[in-house]
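Chemist: One letter stands for each residue in the lines below.
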Amino acid sequence: MARNSSHATGLRVQLPVLCFFLQAAIIILFSFFVRYNHETDSALWHQSNHSDMDNDFYFRYPSFQDVHTMIFIGFGFLMTFLQRYGFSSIGFNFLLSAFSLQWSTLVQGFLHSFHGGKIYIGVERVLYRSHLDKSKHREGSVYHSDLFAMIGTIFLWIFWPSFNSAPTNTGDGQHRTALNTYYSLGASTLSTFAFSALLSRGGKLDMVHIQNAALAGGVVVGTSGEMMITPFGALIAGFLAGTISTLGYKFLMPILESKFKVQDTCGVHNLHGMPGVLGALLGALVAGLATHQTYGDGLENVFPLIAEGHRTATSQAVYQLFGLFVTLLLASLGGGVGGLLLRLPCLSSPPDSQCYEDQIYWEVPLEHEDEVQGHLRSEDTETQA
Amino acid sequence: MARNSSHATGLRVQLPVLCFFLQAAIIILFSFFVRYNHETDSALWHQSNHSDMDNDFYFRYPSFQDVHTMIFIGFGFLMTFLQRYGFSSIGFNFLLSAFSLQWSTLVQGFLHSFHGGKIYIGVERVLYRSHLDKSKHREGSVYHSDLFAMIGTIFLWIFWPSFNSAPTNTGDGQHRTALNTYYSLGASTLSTFAFSALLSRGGKLDMVHIQNAALAGGVVVGTSGEMMITPFGALIAGFLAGTISTLGYKFLMPILESKFKVQDTCGVHNLHGMPGVLGALLGALVAGLATHQTYGDGLENVFPLIAEGHRTATSQAVYQLFGLFVTLLLASLGGGVGGLLLRLPCLSSPPDSQCYEDQIYWEVPLEHEDEVQGHLRSEDTETQA
Amino acid sequence: MARNSSHATGLRVQLPVLCFFLQAAIIILFSFFVRYNHETDSALWHQSNHSDMDNDFYFRYPSFQDVHTMIFIGFGFLMTFLQRYGFSSIGFNFLLSAFSLQWSTLVQGFLHSFHGGKIYIGVERVLYRSHLDKSKHREGSVYHSDLFAMIGTIFLWIFWPSFNSAPTNTGDGQHRTALNTYYSLGASTLSTFAFSALLSRGGKLDMVHIQNAALAGGVVVGTSGEMMITPFGALIAGFLAGTISTLGYKFLMPILESKFKVQDTCGVHNLHGMPGVLGALLGALVAGLATHQTYGDGLENVFPLIAEGHRTATSQAVYQLFGLFVTLLLASLGGGVGGLLLRLPCLSSPPDSQCYEDQIYWEVPLEHEDEVQGHLRSEDTETQA
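Chains as they are written, first to last, in the numbering used here: chain A, 1 to 385; chain B, 386 to 770; chain C, 771 to 1155.
A portion of the hints provided could be inaccurate.
[What the hints assert, rightly or not] To spell it out: a stretch of chain C is covered by chain A in this simulated footprint if at least three of its residues, at any positions, have a beta carbon under 8 Å from a beta carbon of chain A; those stretches are:
#1 925-936
#2 963-974
#3 997-1009
#4 1049-1055
[Stated by the list, open to error] Taking CB as the label site, the calculated pair distances span:
#5 A:Leu344 to C:Leu1110: 41 to 49 Å
#6 C:Thr1061 to A:Ile28: 58 to 66 Å
#7 A:Ala25 to C:Thr1061: 51 to 59 Å
#8 B:Gly708 to A:Arg125: 31 to 39 Å
#9 B:Gln399 to A:Arg125: 47 to 55 Å
#10 C:Thr1061 to A:Gly339: 32 to 40 Å
#11 B:Phe406 to A:Leu285: 22 to 30 Å
#12 C:Arg1113 to A:Leu344: 53 to 61 Å
#13 B:Leu403 to A:Lys261: 54 to 62 Å
[As the list claims (entries may be wrong)] Calculated from the model, a selection of chain B residues having no Cβ within reach of chain A, i.e. all distances over 10 Å:
#14 Val398
#15 Ile411
#16 His453
#17 Gly471
#18 Phe472
#19 Ile536
#20 Phe617
#21 Thr650
#22 Asp682
#23 His695
#24 Gly724
#25 Leu725
#26 Ile745
#27 Glu748
Bear in mind the hints are in silico, worked out from the structure with no lab data behind them.
These figures come from a predicted structure and were not determined experimentally.
From the three backbone atoms N, C-alpha and C, an ideal C-beta is built for every residue, glycine too.
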């Protein structure tokens, strides 16, 4: 109980301090750096040329709202599958997304490029806990928590085409990205159902596969969605992505856990990792095949450096492979540092026996709390014994 | 148990084979027949006239996404009301919708017309099981499953105007369809609540009515939504639709089940059947009254053959009545053949005692599985006795 | 039991009569007053100037649908947090919204202004029940009901920018309103998490705060969202709104209940009341600072009377403060009269011991009903004793 209450004290101090500090920092930075642009400023609006309005991401309003729907609802509910972690899943995703919305305005100002999910996706895990088996009984789902998670999956599925097409140019590029993503998602859904039934005990479908691997088609065309991969190319890419993702959940994940001591509750490696790498390789391949003939005047939008003669298609492909390498390097470093930081004693992360448990961060309604208290008490007894 | 495991083996082989075969067939057909059109192809984009962009259904992007929201979320969650069939409801709707998305591209190419839900709607039931009373205890809802189903109902309600206006011409036709659908849905909701309270035991509202009959207003203006039915005409149509649908759930359904041996778990006949026929009759009536004076230049869009003088309004009405007759004929034939096919032994449909039960198709979380196993065991004992 | 059944009879008669009467009245009023406008009428469409299309609220179609998503899903699910009131929350919100949709068309015709939520928001509570402690055990949530409520919260959060920008002019005003609302919501979410952890027992987050106070940022810029409040001004306003709302739930609400006998189950005063008043004061302040220099030609859209020289900025501010006073007066009067009307015996409101209970209005699935019947029976025994 001592550990429990010291942990609570930690949250009481750290979360407010972090929120206050970050919000104050953002307000100060906003006051110096952020201004309404000519589309939004009342005084500038009527003097400006409106024709480039659609090129500004922040004012392609439906896409902006679509991406929020995907991130807040999609990711928020996807992780409610854990039977006693629904509050934390939705709540902390909510907090993080609200913060990212503000932060991304600043980052975007400097980088002039935006990809809604990146900030979010960079946050989780490279962490292992040696006594995690004590929380193992909570790493499962219950019937209704799986239905809540399907709210997340289906919103992600429907809005992934908007998400992939958000950073593209309007016009043909956006159409092509949306269509390729739809076809790829369609094919990954079919391959996921097929392999889930084929590989599971007694031919039964596994909700974890459906909730996750069916989305791999959206990930795999994340790089190449705007390129001329052809509709049947998108179907093949999606089918392969659904396949490797389902195989990952079935065969790779148990090995990662038992041999490499990697805890991957949401299967991020299976859904975002492997299909993402496959997508990057696909993107490099298709970039290497880009010609003026295939893209016409549109080459200027998709590959401006090739169109202007500063780069050959082959060197564009090499650059993209190098980009993949840099991404993997940064992800490993960032994940490693993040994992070490989370182990700092001052962050008072929960003890191994209380993982996946809302009750340490949230006021939980009584009937549930009772049940949990029972568990915790019996675990404490075990620990002392 | 023998029956159970042979059934599982069936799913293990058939579902993957079906998915693989269909996906391969679609990929091959796509590679031969499907190309980006001039709105989507990078090379063609800048040479084309953009002005007709909005007329292409696939690129009226918001509508396309709206229809997906309606089908994936609306229909997926609507059927979660069954207490132990939530996984199957959402999961199989998901699979079918993902397949339909691809298939419809092909069909559309040949037919040059598209109505998102048609493919989906053609799939279910004309089936009766003589020992279905053994699954009767699972044909009900539980408290939370009814709340999940309301997610479906409300998404269907909100997106039905988009759905009805998707195949119409842009401009006034689309506005009129959306508005008429909203008004009709509003009136059917009020009549559903009124009749549900009026007819139920002790004046209590019945969730089944609210979840379904409130949507009848969207069905009833499916044919006539684009026509000049006037706002108060839409209100009257919706009110009637909600009324006959609620009466259907209350009085017709028990008769269909006991006398005609028709099992209609979702009440498709009450929500889609009767209001659909009413809507077709309404459409024929309004078509018969169409004049140049009422429609102005817009007559060209709504009734091109009348506008061009190839058909009188009366003969248009007769054609539409004939269309209703053909639809009912095809539906009866299609449903009959579908029902016979589903009874083929090689399809290993579940035994009567295991209907409405996720556990025969899905890995179900433990606490629930235990409960179910108990039921199955006691049922097996009964069957043997 | 006598009371219970007389109450049921009340619903059986009153709800249908009310629905029939209101629907008939609306149909008659529609038949006299409502016509398709030139954007929707087939005969008028081709003769009209299309350029002002976007100024008509009913045909800014995405916004219209967004506002419905917010009201039907957002408010509908927000109130499912009550463990045994989910059917009533979603169902009655559904009925009321379907009615409002029709009613608002009429009201709008007279007032030429529309604000989607106003009608809805004017409906609830100023009511106290002296024996409400007998229903107290049902005023809590259960684990899954809190997750359902989060569906409501997150949809409200995502669609609030659409809601605030719905009545504004298109162009820069709409962009500015959406952006200001997003920033304000982002900041109120951070301050809500911060104060919830800071003030709660053991630093634990409280779901009631997250579900409600996080939305206060949307309320507080309801008046001033279109004005040039600057992005960091929006952040500060949102942060303050989240703070006073969370403090209201924590400290003010228990006082209101014990001292002033005000029952505010949803915390309307904390989410809509105080942040709304703060927002009105902020709006008056910013209006008083409006200059031609800051707004440019846009001043015509935001403050037409100032732009045309009929009013100074200071008198505009005074008018807005007077508007706040009138709103508070009408709200008090309307709430008081509403409260008195609801106490009329002929409306047969439920007895104090059966508040927050679906079972008196709805057919509730069996397993739940059993549980409730147990409660009711033991309560009846208590009451008799």
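Chemist: Please go over all the hints and tell whether each is borne out by the structure.
Modeler: Verification of the supplied hints:
Interface restraint, the region 925-936 of chain C with chain A: holds (6 residues with C-beta to C-beta distance below 8 Å; minimum three). Coverage of a stretch by a chain is defined here by at least three residues with a beta carbon nearer than 8 Å to that chain's beta carbons; for the region 963-974 of chain C and chain A the count is 10, and the condition holds. Check on the region 997-1009 of chain C: 7 of its residues sit with their Cβ under 8 Å from a Cβ of chain A, so the three-residue criterion for coverage holds. With a cut-off of 8 Å between beta carbons, the region 1049-1055 of chain C has 0 residues touching chain A; three or more are needed, and the interface restraint is violated.
Checked against the hint of 41 to 49 Å, the pair Leu344 of chain A and Leu1110 of chain C fails, with Cβ atoms roughly 60 Å apart. Here the CB-CB span from Thr1061 of chain C to Ile28 of chain A is close to 25 Å, at odds with the stated 58 to 66 Å. Roughly 30 Å separates the CB atoms of Ala25 of chain A and Thr1061 of chain C, a value that falls outside the hinted 51 to 59 Å. One distance hint, 31 to 39 Å for the beta-carbon pair Gly708 of chain B and Arg125 of chain A, is violated here, with the actual separation near 58 Å.
The hint said 47 to 55 Å for the Cβ distance between Gln399 of chain B and Arg125 of chain A, and at roughly 38 Å that hint is violated. Between Thr1061 of chain C and Gly339 of chain A the beta carbons are some 53 Å apart, a value that contradicts the proposed interval 32 to 40 Å. Take Phe406 of chain B and Leu285 of chain A: their Cβ atoms lie about 28 Å apart, and the range 22 to 30 Å holds. Take Arg1113 of chain C and Leu344 of chain A: their Cβ atoms lie about 59 Å apart, and the range 53 to 61 Å holds.
Restraint check, Leu403 of chain B to Lys261 of chain A: a C-beta distance of roughly 39 Å breaks the suggested window 54 to 62 Å. Listed as outside the interface, Val398 of chain B is inconsistent with that label: its C-beta sits roughly 7 Å from the nearest C-beta of chain A, within the 10 Å cut-off. For Ile411 of chain B, the shortest C-beta to C-beta distance to chain A comes to about 7 Å, within the 10 Å cut-off, and the non-interface label is violated. The beta carbon of His453 of chain B is not kept farther than 10 Å from every beta carbon of chain A, the shortest such distance being approximately 5 Å.
Consistency note on Gly471 of chain B: stated as away from chain A, yet its beta-carbon is not over 10 Å from all of that chain's, at 5 Å minimum. Listed as outside the interface, Phe472 of chain B is inconsistent with that label: its C-beta sits roughly 6 Å from the nearest C-beta of chain A, within the 10 Å cut-off. Not every CB of chain A lies more than 10 Å from the CB of Ile536 of chain B, the least distance being 7 Å, so the non-interface label is violated. With a least CB separation of 32 Å from chain A, Phe617 of chain B remains clear of the 10 Å interface cut-off, as annotated.
Taking the minimum C-beta to C-beta distance to chain A, about 18 Å, the non-interface status of Thr650 of chain B holds against the 10 Å cut. With a minimum CB-CB distance of about 30 Å to chain A, Asp682 of chain B clears the 10 Å threshold, and the non-interface call stands. Here His695 of chain B stays apart from chain A, with its beta-carbon at least about 35 Å from theirs, past the 10 Å limit. Chain A leaves Gly724 of chain B outside its interface by the beta-carbon criterion, the shortest separation being 24 Å against a cut-off of 10 Å.
Listed as outside the interface, Leu725 of chain B is consistent with that label: its C-beta sits roughly 24 Å from the nearest C-beta of chain A, beyond the 10 Å cut-off. Interface exclusion of Ile745 of chain B from chain A breaks down, the closest Cβ pair being 8 Å apart, not more than 10 Å. A beta-carbon of chain A comes within 10 Å of the beta-carbon of Glu748 of chain B; the shortest separation is about 5 Å.
When each numbered hint is compared with the structure, violations occur for hints 4, 5, 6, 7, 8, 9, 10, 13, 14, 15, 16, 17, 18, 19, 26, 27.
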